[in-house]
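Undergrad: Place chain U on chain Z using the hints.
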Amino acid sequence: MNQSFADKTFVFNEHINTQYIIDLYSGDYGMIEETFADVLNEYASLLENINAAYQVEDIGALKKAIHKIKPLFGFTGFTSIQSQCLQFENACEATPSFHLLVNEFTLLQNSLIQTRSIIEEEKERLALFNSR
Amino acid sequence: MNLSCIIVEDLQVATNYLIKCCEKSKLVEVKGHFTNVPDALSFVNENTVDLIFLDVEMPGPNGFELLDQIAFLPKIILTTSKKEYAYDAFEYKVTDFLKKPFSYERFLEAMQKVQAAPGVAPGAAGGDTETSSDHIYIKSEGKLVRLSNDSILFMESMGDYVKFVTADKKYITHNTIKNLEDKVNKQHFLKVHRSYIVNLHKIDDLRENCLFIKGAEIPVSKAFKSIVISRLNII
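Those sequence lines, one after another, are chains Z and U.
Each residue of the first sequence is one higher than the one before, starting from 1 at the first, in our numbering.
Each residue of the second sequence is one higher than the one before, starting from 1 at the first, in our numbering.
Using C-beta positions, here's what the derived DEER-type ranges look like:
1. Z:His99 - U:Ile229: 49 to 59 Å
2. U:Glu217 - Z:Asn130: 56 to 66 Å
3. Z:Ala37 - U:Pro61: 29 to 39 Å
4. U:Gly159 - Z:Glu120: 48 to 58 Å
Okay, derived cross-link-like pairs now, EDC-like style, lysine to aspartate or glutamate, Cα gap no bigger than 16 Å in a straight line:
5. Z:Lys68 - U:Asp10
6. U:Lys222 - U:Glu46
7. U:Lys20 - U:Glu105
8. U:Lys100 - Z:Asp23
9. Z:Lys68 - U:Glu57
10. U:Lys82 - Z:Glu89
11. U:Lys20 - Z:Asp28
12. U:Lys99 - Z:Asp23
No wet-lab data here; the hints were simulated from the structure.
Cβ coordinates follow ideal geometry from the N, Cα and C atoms, glycine included.
Chain Z extracted, bound-state conformation (with noise of 0.2 Å):
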């Protein structure tokens, strides 16, 4: 773990809320990129939960396995990506019929995708930059 360098700046992907995570992590960048990793190790295992419940249509498994992914964006600074999933949750919630969730559904899974890529590329930066 880094303490932060006030003569160093990491400039993060635009998807990533730079002053929310400079604040959550008081600027210790090895502790972002080691946070980082730790996301990446349980983001598989999360995803796949989802897209289980998504598989067999169970809108109850399917809200949770988006909760339980929820913070990982939240220690990652993809703070629109946590709204999104937020409100996913909520349309869980007020869905007649899993059906009406479907496009919902579908743009999140592709956000979640994309996230995903860019946490690992995020994280190759940061190991890149910590290392200098």
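TA: Same frame as chain Z, but now just chain U:
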């Protein structure tokens, strides 16, 4: 490093983040981390810690159920992603409530609250004269009422109030079970649940998860059951 803690959290990222915060602060040593309540309960029933970082929603029993069953009460910091639990957190008198993800600065604030909070002496017998008295005075209906220990059947939590139940009357007073636990005569009274203290001499029968006093069913937390049994005159 002057405090010890455990982390009860089912999300590994959140656990790792908390461990990093603890290590970075050098204020608290992590003695263990658990992904469910039963494992955490087994640990804290065998080991004493100063602090528990406790998630609420986990597979199986939730975090509040741990608080219901724990035999002593260390300081608690609830860590959850739902603000909705703030009211329950208040009811359980937790030291702080951290909404995930929380910043390192916010973590340090919580640690300051833990350090400033009055110390808890787990299992302390209590030595003040009140605990050996044969009676207590309670404030009820604008006056001080004297109740002999022998007249009290049990005490029941009602939020910020406690109901004292005797054979012929009920008294409601502004107090908490947690506060009374240290003040009542321990020869007579025993906490059997977060919300109940009973007069040991009045128990009619004890069953799996409850006991009966004059027809009233009183829940017994798992963690307290063995203590209740050990205090009864079983031949």
